[in-house]
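Novice: Listed below are the residues making up each chain.
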Amino acid sequence: MSVDDYEITIGLEIHVQLATKTKMFSPIETYFGAEPNTLVGPVDLGLPGTLPVPNAQAIHYGIMLGLAFNCEIADRLVFHRKNYFYPDLPKGYQISQFDEPLCGPGNFGGVRVHRVHLEEDAAKLTHAGASGRIQGSESSVVDFNRGGTALAEIVTEPDIHSAEQASEWLRLLRTTVRQLGVSDVNMEEGSLRCDANISIAPKGATELGAKTELKNMNSFRFIERGIRAEVARQAAILDAGGTVEQETLHFDPRTEAITSMRSKEDAHDYRYFPEPDMVPVVVTAEMVDKAKAAMPELPHEREERFIALGVEQGAARQMSWQPELGDLFEEALKTDGAPANAKAVAALITNELVARLGDGDLSDSKATPASLAQLVALTADGKVSSSGARTVLDKLVEGGGDPAAIIESEGLGAIGGGDELTPIIQAALDANPDVAEKLKGGDMKPIGVIIGAVMKETRGRADGKEVTKIARGLLGL
Amino acid sequence: MPTSLTDAIKLDATGQIAAIQSGDLDARELFEAYRQRAASDAHNSFTWVAGEAPAELPGADTPLAGLPLAVKDLFCTEGIPSQSGSKLLEGYLPPYTATSVQKLTDAGSTIHGKTNQDEFAMGSSNENSAYGAVLNPWDTSRVPGGSSGGSAAAVAAGHAPWALGTDTGGSIRQPAAFCGLVGLKPTYGSVSRFGMIAFASSLDQAGPITRSVADAALLLKYMEGKDARDMTSIGLREPVEVPTRTDLKGLRIGVPSELSGEGIEDGVRASFEAALEQAKALGATVTEIHLPNAPHALSAYYVLAPAEASSNLSRFDGVRYGNRLEAEDGSLIGMYTRTRTEGFGPEVKRRIMLGTYALSAGFYDAYYGRAQQVRTKIVEDFATAFESVDVIASPTAPSVAFELGAKSSDPLAMYLNDFCTIPMSLAGIPAISIPSGLADGLPVGLQLAGPAFSENLILGAAHALEQAIGFDTAGAIR
Amino acid sequence: MIDAKQVLHVARLARLELAAEDVQPMADELSSILGHIEQMAALNLDGVEPTSHVVPVEGKLRADVAEPPLSREVALSQAPRHTDTGFLVPSPQA
Ligand SMILES: [Mg+2]
Ligand SMILES: [Zn+2]
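Chains G, Z and B, in that order, give the protein sequences. Numbered by this note's numbering, the letters in the first sequence go through residues 1 to 477 in order. Numbered by this note's numbering, the letters in the second sequence go through residues 1 to 478 in order. Numbered by this note's numbering, the letters in the third sequence go through residues 1 to 94 in order.
So here's chain G without its partners, still in its complex pose (with noise of 0.2 angstroms):
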C-alpha cells in the first residue's frame, strides 16, 4: 500500500515559554542568550530549604492562552510534582498540573484543544566531551538559566490528518500566541517547541494504530518534513506486515533519521502527587475578567472581519496570519472610497504587492497604503488598463510616489473614446486580411493578433474588451 492508503492521525503537545519577567515560582529574571548559570537564584538550584512561589503574571497569560483556544477555565489552580531524576531537573521533580490543569477542553482553528497547563521548564545540559576527572567517561555541563521559566503547554485532541495541516495549524497557533503577547514564540530560541503524537492506520480500519511521539521539532518545515518521515517509516513496517511500537521518537532534520529516544534506565513511573509546598490557587472571576480585558483581536476574529468586507476567504486569511498585510489593507481601507474596493485592495496587496516583495518584507516597499487604494480606485475607473496599473505598481514598491502622477509622466494613462483606436484597429485589421477573413466568418479565435498589434501600437495603453468591441463594428458584426 502507499501512504495515502492510510488514514493519518495527529495530535500535537506544545511547550510555550511564556514572555514573564521572572520564572514560573522564582523571582528571578529570565531571557534568552545569557551568560551560563548567570540568571539562577536559589530556587532554581533547587537549594534545599527553598519553597516555590507561583508568578502571577503567567497565570494571567495561562488565562488569556485558554481564552484565545475557547477553553473552560477551571476555578482553581493546583500543581502536583512529577518525579524522576535527571540533571537538568534541580530538585529530582518538575512542577507541573496533573488532573486540574488551568485550562480544560476547548477548540482552535477546528482542532479541539485537549488542556493547556502551566509548569517550570527544564535547565539547558551541554554534552562536553570527555572530562579529565574520570577516566574514559563523557561528562555534561548544566546551566541553570532556562531552569524554571514559566512554560504552557497546549495538548491538542487527535483531530489533525496530514503534515501540512499540522504546520498550518502551527502557524495559526504561533501567529496567535504572539498576537496575545504571551510568549515570542521563536522556535529558534526554544520559545516554541513542538511534539507530535503520530499514528496511521489503513483507511476505513475501525481502531486507530500504535501512536508514537516526535520529541522537540524546532522549525515548521522540520515537523512537517518529521510527520511525514515517520507516517513512512509506520507505513513501512505496516505495509511489511509488521507492528508500530509505541515509543518516543527523535527526528534528526539533517540526516531525516528517525532514532528512539527509550532509556532502559528509566521504569517511567513518575509518582504525581499534589505539590506540598504550595496550597491551590482560587481562580477568581477577577483574575479571568482581567485576562478577558487584555485579549487583543485574534487572527480569526480578523479573517472573519476582512471577509465581512468583501475580501475574498484566501486573501483574509493571509492578511490576518501575515499582521503587517492586515495592517496595511486597514490603512489604505482609509482613504477616500477604497471601502467600495476592500476586495481589490486586499487582491493588489495579497497577490501583485507580496509577488513584488519575494523573499524581502513590506519595509523593503515604499508604496503608501493611500497610494495603493488610489491606484486600484484610478484602475475601477478606468483611467488605466490593469497591465498599465501593474507598471505603476513597480513603480511605487520602487519609488513610491503619487499613482496619478505616474500615469501621467509615463503616458500609461487608459485610451478611452473609439475615435482615437478606430483607425489604429482598422490598420491592424488592413494589415492582417486573412485574421479580418475568419472573423468576418464569425471566427473569434484569432482576435488576440489584433489586440496584440493595437496594444504594440498604443504601448498596452488599450483595453482588449473595448479593440474587441471597435473591430466587430468596423468588420459589421
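Think of the hints as simulated: they come from the structure by calculation, not from any bench. There's no promise every hint is true.
Mimicking SDA-like on lysine to any residue, the simulated pairs with C-alpha atoms at most 25 angstroms apart in a straight line are [what the hints assert, rightly or not]:
#1 Z/LYS226 x B/GLU67
#2 G/LYS343 x G/VAL397
#3 Z/LYS377 x B/GLU67
#4 G/LYS211 x G/GLU153
#5 Z/LYS87 x B/GLU29
#6 Z/LYS377 x B/VAL48
#7 Z/LYS377 x Z/ARG252
#8 G/LYS215 x G/GLU245
#9 Z/LYS103 x Z/THR6
#10 B/LYS5 x Z/GLU29
#11 B/LYS60 x Z/PRO239
#12 G/LYS82 x G/GLY109
#13 Z/LYS377 x B/ALA41
Please read all numbers here as calculations on a predicted model, not as lab measurements.
Since the structure of chain G is provided, determine the placement of chains Z and B with the ligands on it from the hints.
Specialist: The following block gives chains Z and B with the ligands in isolation, referenced to the frame of chain G:
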C-alpha cells in the same frame, strides 16, 4: 546587684535578658560563657560552634539583648555549615539564611551553635545522625529524644539559653519532654519554612525549645509571621503575649482516652495524673474525650511524611551541592545511586523506600490517597473535641527517655512511640510540652494542645501549670 | 505488603542500591511497617475529602518582579564538580 555567670546560666532566657537590661549582667561575657560551654559540650549536642563572639553583639536595647541562640542543623544559615544531620550535606554552606532564624537575629539574638539532629529530622532518638548520637544530660546512657535532640540536650545542659527545633511528628515536643524542657510546635503556617531543609512539607514547623514557657512565648513572638517566600505561611492571627496567667479558672481540659490510656508507662501516667490534679486545683475542669481516629494517625503519618520526604530528598543527587561519589563505570545513574546509597543513612533510606512505594503506580490510592482521607478524619476529630473543651491534655511521650540502642533495631517500635504527638501534627494545631515532674529521676512531659492559632491560650495555660508544678529545668546543668 | 521484586523496583526509582543480601530483609522490614499502615483499610472513608493542607491558606501569588540572581561564583561554589561556567555531570547517554 551583679549576677555571677554560674547563677546566670541557671536563669531562663527571660531572666537573663532582664539582668542584661538592668545592667546586672554583661551580654558579651554571657555569650562567651555559653560559647565555651558549647565548645566543650560532652553530649555531642553541637555540629558547629562559633569560633568567637562577633565583634558587634546586638545591644541590650534589642528585644533579645544579644543572647546566644542554638539552631538545629537543618536551618540554613548563610556561611555556616547546614547539614541536616546528613553525611551527604557535610560542610554545606548555604548562600542565604532561613527566614525564622533571620527574624530572631534581627530581634537581637546571635547564633552561637548549630545542633545535632536525626538525619533530615527522621527519628525520635537522635541516634540517626551521621554526626553521632546525642546523650541525654539527665542520664548520659539515655537518648535525648529526636529529631531535635541536640537542641534539647544543649539547653538542658546549660550550653545554650534556648534553641530552635523543628517538629514534623513530635520532634520538638518529645525531646523537650525527655530533657525536662518546654517545647512548642506552633500552628502549621505560623512560622516560615523558608530555609528549613525539608522533611515533610505539609507537616514541618519550626518552634522553640526553652527553659520556661515565657521563653517559648518570647522566641515565638519574634519568629512567627507571614513570609512571601513561603506560600504556606500565614503567621499568627494575634500578637504573641508573654504569658502571666497563674490560674486556670473556667478552662475546660479534655483528656483523650486514645492518647492517655493503653501504652503509657506507669511512671508517666502517675506524673500526668498529678498534673491534672494541679490543673483542677487551679480551677480547670477535666473531662475525658475521644479522638476516634487517633489510632490511625500513625498509619497516615507514616505514609504522608515518607511520601513527601521521598520527593523532597530527590534533590540530593550530587550535582549542585553536597557530597558526590562517581560510579566505577562513570555513568550518570551510577553516580546518582552511589551518591545517595552511601550518602544517606539507613533510616532515611528506609523512609525514602516507604514513601516511593506509597506513591508508585498502582499504590497511590491505597496509601497516599487513603492517608489524606484519614488526615481529614483526624482534623474533624479535633474540631469536634474543641466544641466541648478549650485545650486537650495528654502525656507528650508514653515513656521517659529510653536507653541508647533500646529501640534502634526495631523501626516500627520506634515509630509507635510517637502516637501522642502525631495527631496534632496531622491536624496542624499548636501543642506545647512542659515538664510535669520526674519518674525514676527522669523528666516526664505533659502536652497541651489547642485549636489552630490558639498559641496565646495554650501558652497561658502552660504557664499557670508550670508555676504550680515548679519543675527545675536547670536540674541537669552542671 | 511488599516483595523483593517490588523492593528492587522502588530502589531503582529512588536511585538507591541494595546489596543482594539486604533485599529480603528490607522487604520484611517494610512489610511489617506496611502491615501496621494497612490497618487504615479497616476504615470506611467513602466520600471523605483528602486533605493536603490543614490550615486554610489564601495562597498569595508572587508579582512578576525580579530579585538579583546569585553570582555565578556563589552558584557554583558548593558543586562537587564544575567548570568555570557550569555544573559537570556524567553524560546521560554515556
Ligand atoms: Mg507532556
Ligand atoms: Zn510539559
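Novice: All hints, please: hold or fail.
Specialist: Quick rundown of the hints versus the structure:
Between Z/LYS226 and B/GLU67 the alpha-carbon distance is near 19 angstroms, which keeps this suggested pair within the 25 angstroms criterion. Pair hint G/LYS343 plus G/VAL397 holds up; C-alpha atoms about 20 angstroms apart against a cutoff of 25 angstroms. Taking the CA atoms of Z/LYS377 and B/GLU67, the gap is about 42 angstroms. The hint is violated against a cut of 25 angstroms. With a C-alpha separation of about 20 angstroms, the suggested pair G/LYS211 and G/GLU153 falls inside the 25 angstroms cut-off, and the hint holds.
Restraint check: the Cα-Cα separation between Z/LYS87 and B/GLU29 comes to about 24 angstroms, which is no more than 25 angstroms; the hinted pair holds. For the proposed pair Z/LYS377 and B/VAL48, the alpha carbon gap of about 8 angstroms is at most 25 angstroms, so the pair holds. Distance restraint check for Z/LYS377 and Z/ARG252: the Cα-Cα separation of roughly 23 angstroms lies within the 25 angstroms cut-off, and the hinted pair is therefore satisfied. With a CA separation close to 16 angstroms, the supplied pair G/LYS215 and G/GLU245 stays within the 25 angstroms bound.
Restraint check: the Cα-Cα separation between Z/LYS103 and Z/THR6 comes to about 29 angstroms, which exceeds 25 angstroms; the hinted pair is violated. For the hint pairing B/LYS5 with Z/GLU29, the CA-to-CA distance comes to about 61 angstroms; that exceeds 25 angstroms, so the pair is violated. Distance hint between B/LYS60 and Z/PRO239 is fulfilled; the C-alpha atoms sit about 21 angstroms from each other, no more than 25 angstroms. A hinted pair counts as satisfied when its Cα atoms are at most 25 angstroms apart, and G/LYS82 with G/GLY109 does not qualify at roughly 31 angstroms.
Of the supplied pair hints, the one linking Z/LYS377 and B/ALA41 holds, its CA atoms being roughly 14 angstroms apart against a limit of 25 angstroms.
Going down the numbered hints, you'll see the structure goes against 3, 9, 10, 12, while the others check out.
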